[in-house]
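Sequences listed follow chains A and B, in order. The opening residue of the first sequence carries number 1 in full-length UniProt numbering; numbering runs sequentially from there. The opening residue of the second sequence carries number 1 in full-length UniProt numbering; numbering runs sequentially from there.
These are calculated hints, taken from the structure and not from any lab test. Watch out, some of these pointers could steer you wrong.
[Claimed, not checked] Computed cross-link-like contacts, DSS-like style, restricted to lysine-lysine with a CA-CA straight-line distance of at most 30 Å: (1) K259(A) to K182(A); (2) K105(B) to K124(A); (3) K124(A) to K102(B); (4) K105(B) to K92(B); (5) K92(B) to K124(A); (6) K102(B) to K92(B); (7) K105(B) to K182(A); (8) K259(A) to K102(B).
[Claimed, not checked] Cβ pair distances, simulated, as ranges: (9) G301(B) to R7(A): 32 to 42 Å; (10) L248(A) to P72(B): 40 to 50 Å; (11) S22(B) to K259(A): 22 to 32 Å; (12) A108(A) to R55(B): 35 to 45 Å; (13) P72(B) to A77(A): 23 to 33 Å; (14) D215(A) to P72(B): 20 to 30 Å; (15) L175(A) to R55(B): 17 to 27 Å; (16) D100(A) to G15(B): 16 to 26 Å.
Glycine included, every Cβ here is placed at the ideal spot set by N, Cα and C.
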Amino acid sequence: MLVHSPRARLAVQAAFFALFLPVFALPFLVIVAASLATGWSGAFPSGATLDHYRAVTHGDALDALTTSVLTAVAASAAALVTGTWAALAARGTRARRVVDLLFVLPVAVPSVVVGLSLLVAFSKPPFLLNGTPAIVVLAHTILVTAFAYQSVAAALDRLDPACEQAAASLGAGPLRVLVQVKLPLLLPSLSAAAGLCFALSMGELSATMMLYPPDWLPLPVKVFASTDRGALFPGAALAVVLMVTTLLALFAVSRIRTKAAYR
Amino acid sequence: MSTGIRFDGVSVAYGGNTVLESFGLTVEPGEFMALLGPSGSGKTTALRAVAGFVRPTAGRVFIGDRDVTDLPPHRRGIGMVVQQYALFPHMKVDANVAFGLKARKAPRSEIAARVAEALEMTGMSAYAGRYPRELSGGQQQRVAVARALAVRPGVLLLDEPLSALDAQLRSGMLAELARLHRELPDVSMLYVTHDQIEALTLADRIAVMDGGRLQDCGTPQDLYRRPGTAFTASFVGGANLLPVTVADGGGVHLGGTRLDVAAGGAAAGAPATLCVRPHLVGLGEGPNALRGTVAEVQWRGATHRLCVDVAGHRVTADLRELRETPPLGTEVTVHFAAHDAVLLPAGAGGGEGRG
Ligand SMILES: Nc1ncnc2c1ncn2[C@@H]1O[C@H](COP(=O)(O)OP(=O)(O)OP(=O)(O)O)[C@@H](O)[C@H]1O
Ligand SMILES: [Mg+2]
């Protein structure tokens, strides 16, 4: 609390919202409004309709949503396992810096580059993944593992070794220590990482655009295609569905996290 | 199943920096051994070598007659209690205590009974359903002890288990630990502390460490009454250490004063260190009188501590509370009985005594 006088605090808060709302919140409100509108010529949308949402609940759009959710779940799960494994293995070894660097690479380079590199690497036998859903899941996994790894590695650094050592002195082997002591203590970070990975994967567009096969078309691609065609309002409805799904998943994950926060 | 602990020339280094050097010590089965030493002397390191959390660069560690030097911690069959408790925060008290039993594959039917027994022994039965964060420091400490005892280890390692507690709780837990040691005559205990009171109260024997080496080892009475080195004398109970030379025909010289002290077999003219406990020094005339000026007077409630400069050496006397304290700078005489003094060979550590 840097500001003590109540009036000054109010002024600071007002200034914050004056800056925050137009930049962060208003665009989302605009999409919601657009998704419910039949037209938008003046300052405000005109005509209310649910048609755009009706279109979303079946056919292509629903498939795209399912595709996105499946991709995000698979990519997050794979990223969580890989990232946690790598963080546990690299902890306290000399390879730590190398592994840190390795996992930051997909975030450091533009995701288009990741997409392209996968396309080049997996287009020829024996590694022929091009044209299959697997290559999309793989791309998402590579992109989000960086976040899973970093969040788990940071949590492991803060983890007091005393607990693990107490467990070992009581006769628990490495596997039991991992499953019954370390992972439960890491659960808050793991669930935070899961939420982040899921949200990032749900919104991934640039690498996906280069890789998606016709039968595995994630929702962001559909939003992009729809608005690109000029169908702004149906696109907005798709975007709202994407947003709500992601928020629901994040909310569910944060419920797990509050339950897992022991201290 | 009594098992002792044996260090056989154990050295430990952290990144080329040797913090434990050729450490040799035997804890007999069922014995309570205190590792006493100043901060940084390598006590925790010695304990961790037994637990298996550091690998010795040289030497072997035995638990019972088993060489455990190369065994991982979970195969060593120890119980351990550390300063910061290290309870599992996501488990309730009973699950914490049951953890070791499950890890050691105790029969399911036995677990509940043994958890109850361990909690009973530490007086924590009423708290079985709580999480560690819902307990006070002293209660957490008891749970940590219960958790270590539930597995019925042959050896129990304790690393300053009382240092996070306030003075009152500490003396309560001190009594509890003494009781546990009486009730568990088969369990060898290695107790790390830098508090001489804890060591003197609890231990069957005390091992005094300094700078990664074993300085002295013996029963509390031995170390207190007949310390082997000046370091032991000053660390176990505080001492006046005076540089003297052995006189012809028995006795010693302190400066120009001849003192009547048993010189043992020491050769005449040899330098030595005279050790006298402050509470055995009396005020006024008596045998072995030393004249000096009062340099400092401290009131400590039941006692007065008088620091007297005798021929350039500081002599500390702990006296029963004085009606009138001598003013600073006045000439006083202090004395001590011949049998209260111990003569140490010179060069065995040194420096001013401390209390
Ligand atoms: N992990 C470590 N890495 C490097 N040096 C260490 C490590 N642990 C301990 N040391 C060093 O080893 C020496 C002995 O440490 P140790 O913890 O055994 O001391 P101690 O006698 O237990 O002291 P205290 O009473 O303060 O706990 C110290 O000088 C310490 O700096
Ligand atoms: Mg220590």
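Hint check:
Under the criterion of a C-alpha separation no larger than 30 Å, the hint pairing K259(A) with K182(A) is consistent with the structure, at around 17 Å. Distance restraint check for K105(B) and K124(A): the Cα-Cα separation of roughly 52 Å exceeds the 30 Å cut-off, and the hinted pair is therefore not satisfied. Proposed proximity of K124(A) and K102(B) is contradicted: the alpha carbons are some 51 Å apart, above 30 Å. Simply put, K105(B) and K92(B) have alpha-carbon atoms about 20 Å apart, close enough for the 30 Å limit, and the pair holds.
Straight-line distance between C-alpha atoms of K92(B) and K124(A) comes to about 55 Å, which puts the hinted pair past the 30 Å bound. Under the criterion of a C-alpha separation no larger than 30 Å, the hint pairing K102(B) with K92(B) is consistent with the structure, at around 15 Å. Under the criterion of a C-alpha separation no larger than 30 Å, the hint pairing K105(B) with K182(A) is consistent with the structure, at around 20 Å. A hinted pair counts as satisfied when its Cα atoms are at most 30 Å apart, and K259(A) with K102(B) qualifies at roughly 25 Å.
Checked against the hint of 32 to 42 Å, the pair G301(B) and R7(A) fails, with Cβ atoms roughly 56 Å apart. For the pair L248(A) and P72(B), the beta carbons lie near 45 Å from each other, so the given range of 40 to 50 Å is met. For the pair S22(B) and K259(A), the beta carbons lie near 52 Å from each other, so the given range of 22 to 32 Å is not met. Between A108(A) and R55(B) the C-beta distance comes to about 38 Å, which sits within the given range of 35 to 45 Å.
Taken as a hint, the range 23 to 33 Å holds for the pair P72(B) and A77(A), whose Cβ atoms sit roughly 31 Å apart. For D215(A) paired with P72(B), a C-beta distance near 51 Å fails the hint of 20 to 30 Å. One distance hint, 17 to 27 Å for the beta-carbon pair L175(A) and R55(B), holds here, with the actual separation near 22 Å. A hinted range of 16 to 26 Å for the beta carbons of D100(A) and G15(B) is consistent with their spacing of about 22 Å.
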